[in-house]
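Engineer: Chains D and E are the protein sequences, given in the same order.
Take the first sequence: its letters are residues 1 to 103, numbered as in our numbering.
Take the second sequence: its letters are residues 1 to 392, numbered as in our numbering.
Watch out, some of these pointers could steer you wrong.
[Said to hold, decoys possible] Only pairs whose alpha carbons sit at most 27 Å apart, straight line, appear in this in silico DSS-like list of lysine-lysine:
1. D:94 - E:168
2. E:101 - E:168
3. E:131 - D:96
4. E:56 - E:298
5. E:140 - E:239
6. E:101 - D:96
7. E:388 - D:60
8. E:200 - E:218
9. E:101 - D:51
10. D:82 - D:60
11. D:96 - E:166
12. E:190 - D:56
13. E:140 - E:174
14. E:101 - D:94
15. E:371 - E:388
Since the hints were made in silico from the structure, they are not lab data.
What you are looking at is a predicted structure, and each value in this text was computed from that prediction instead of being measured.
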Amino acid sequence: MEITVNLNAVYTPADDDVVARELHGEFVIIPISSGVGDLEDEIFSLNETGKALWEKLDGKRSLNKVVSELSSDFEGSVDEIKNDVVGLTEELLKRKIIAEVRN
Amino acid sequence: MKSKNYVVKTSFNKTSLWKNSRPLLGRLDMELTERCNNNCIHCCINLSENDKAARKNELTTKEIRGILIEAASLGCLTVRFTGGEPLLRDDFEELYIFARKLGLKVMLFTNARLITPHLAELFSRIPPLEKIEITLYGMKKESYESAVQVKGSFEAAWRGINLLLKNKIPFVVKSALLPPNRAEMEEFEKWATTIPWMDKSPSYSMFFDFRCRHDSEKKNRQIEKIRLSPKEGLDVLTKDKERYIKGMKEFCPKFTRPPGDKLFSCGAGKGGGCVDAYGNLQLCMMLRHPETVFDLKKDSLKTIMTESFPKIQGIKAQNSDYLNRCAKCFLKGLCEQCPAKSWMEHGTLDTPVEYLCEIAHIQAEYLGLLKKGEKAWTVENWKERIDKFTEG
Chain D
1 MEITVNLNAV
11 YTPADDDVVA
21 RELHGEFVII
31 PISSGVGDLE
41 DEIFSLNETG
51 KALWEKLDGK
61 RSLNKVVSEL
71 SSDFEGSVDE
81 IKNDVVGLTE
91 ELLKRKIIAE
101 VRN
Chain E
1 MKSKNYVVKT
11 SFNKTSLWKN
21 SRPLLGRLDM
31 ELTERCNNNC
41 IHCCINLSEN
51 DKAARKNELT
61 TKEIRGILIE
71 AASLGCLTVR
81 FTGGEPLLRD
91 DFEELYIFAR
101 KLGLKVMLFT
111 NARLITPHLA
121 ELFSRIPPLE
131 KIEITLYGMK
141 KESYESAVQV
151 KGSFEAAWRG
161 INLLLKNKIP
171 FVVKSALLPP
181 NRAEMEEFEK
191 WATTIPWMDK
201 SPSYSMFFDF
211 RCRHDSEKKN
221 RQIEKIRLSP
231 KEGLDVLTKD
241 KERYIKGMKE
251 FCPKFTRPPG
261 DKLFSCGAGK
271 GGGCVDAYGN
281 LQLCMMLRHP
291 ETVFDLKKDS
301 LKTIMTESFP
311 KIQGIKAQNS
321 DYLNRCAKCF
331 LKGLCEQCPA
341 KSWMEHGTLD
351 TPVEYLCEIA
361 HIQAEYLGLL
371 KKGEKAWTVE
381 NWKERIDKFT
391 EG
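The following block holds chain D by itself, in its conformation from the complex:
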């Protein structure tokens, strides 16, 4: 299934379907509902980059705003950061860990 990431859209964790936990230095996302991820015994670990992005995907900020805020928090060009944001969002959407907020 092709995933299209919209930089003007707002995305949020699928709260009923996943739980994010900080586990002894690891930031993990654990599926609650079936259909998240590929197999039934998997959990997802986000590295520091992923965690920083995740924390911005709060259902209030558009991806453009996320890019803008991360640009001031991290080193790297805006384009680089935009690519990272889009890349992570795509992976999380693919696994149904996040969803677009529809008004």
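Please arrange chain E on chain D, whose structure you already have, making use of the hints.
Structural biologist: Just chain E now, kept in the frame of chain D:
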């Protein structure tokens, strides 16, 4: 931003989540009840499902939720719900969903008799993330119900299993080798290969323990009668001789050595523990010696694990028999002797369990590590013997 690999898909069963150190509590066992709807002839714990006194003393839903919350805060990733039969709890569904929504994986041990279409749908909608483990006591009604001593139990177990199969809910099966079902091993293992999630042969319990609460001498005598003899146990272990010897060649160099007077050489209480049905935290599922269990209504999980457990783990053996035998025996590791086994057999922490000693010795003789009749604690050149065995 530096890294492009934001999301790492981790299969918990294949990789270690924590690379350098582990959380205080990685996994928690919870006996939701000691009551059971089966009455297996070998069981070390079961109480009647209608035992009102036991039920009255069990942890409440709120208390269990509180323990789960603290466990999650300490880094726990997996909770094992066991018993007795955990599905007997009226609040099982609530506790299951609560645990999952805390971000815990749930490992369920059950006889499958109480798996209903509703529960199967729940497991399908909110997967446990760990395979359900089902103990099956026989392949036929006669053998199953002779072992379990409950009419209608065979049909109910298969109904539960079929519901899991129909809903594609991952599970594995295991068994207990009992007189009514011993002749069915081949049939059981053949059927087990048809279960999609069985990635290895089923495991068996066979060297049964006595009652863990010392509540019935009559049952202990019954258990003693149905235990496999050491020779029978060896025959089962060496059914696949090549595999057994290969496994032992890997195991012995790493784990067999005299332990000295240190009693706790296992992982009991390290990174985990077991909450009994009444709120006591134990270092492991079997060890219920009153000096080694701690009341969660008085102290937190964290306090017990950081302050009380280390004191127990440091206990040294005092029993002279143990010090003259087990402490010097290089079969420690191969032998199941431990404080929990001593507790179940004798009510102490450091009394040698003769049954386990015989089982370890017969294996060592089979492997050529001992001469016939030789006692392992008298052997001084045990390292050479293990090296020779491993290289041979």
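Engineer: Confirm or reject each hint.
Structural biologist: Now the hints, each set against the structure:
{"no.": "1", "hint": "D:94 - E:168", "result": "holds, 23 Å"}
{"no.": "2", "hint": "E:101 - E:168", "result": "holds, 22 Å"}
{"no.": "3", "hint": "E:131 - D:96", "result": "holds, 22 Å"}
{"no.": "4", "hint": "E:56 - E:298", "result": "holds, 19 Å"}
{"no.": "5", "hint": "E:140 - E:239", "result": "holds, 23 Å"}
{"no.": "6", "hint": "E:101 - D:96", "result": "holds, 17 Å"}
{"no.": "7", "hint": "E:388 - D:60", "result": "violated, 68 Å"}
{"no.": "8", "hint": "E:200 - E:218", "result": "violated, 36 Å"}
{"no.": "9", "hint": "E:101 - D:51", "result": "holds, 20 Å"}
{"no.": "10", "hint": "D:82 - D:60", "result": "holds, 18 Å"}
{"no.": "11", "hint": "D:96 - E:166", "result": "holds, 25 Å"}
{"no.": "12", "hint": "E:190 - D:56", "result": "violated, 52 Å"}
{"no.": "13", "hint": "E:140 - E:174", "result": "holds, 15 Å"}
{"no.": "14", "hint": "E:101 - D:94", "result": "holds, 22 Å"}
{"no.": "15", "hint": "E:371 - E:388", "result": "holds, 14 Å"}
Of the numbered hints stated above, those contradicted by the structure are hints 7, 8, 12, listed in ascending order.
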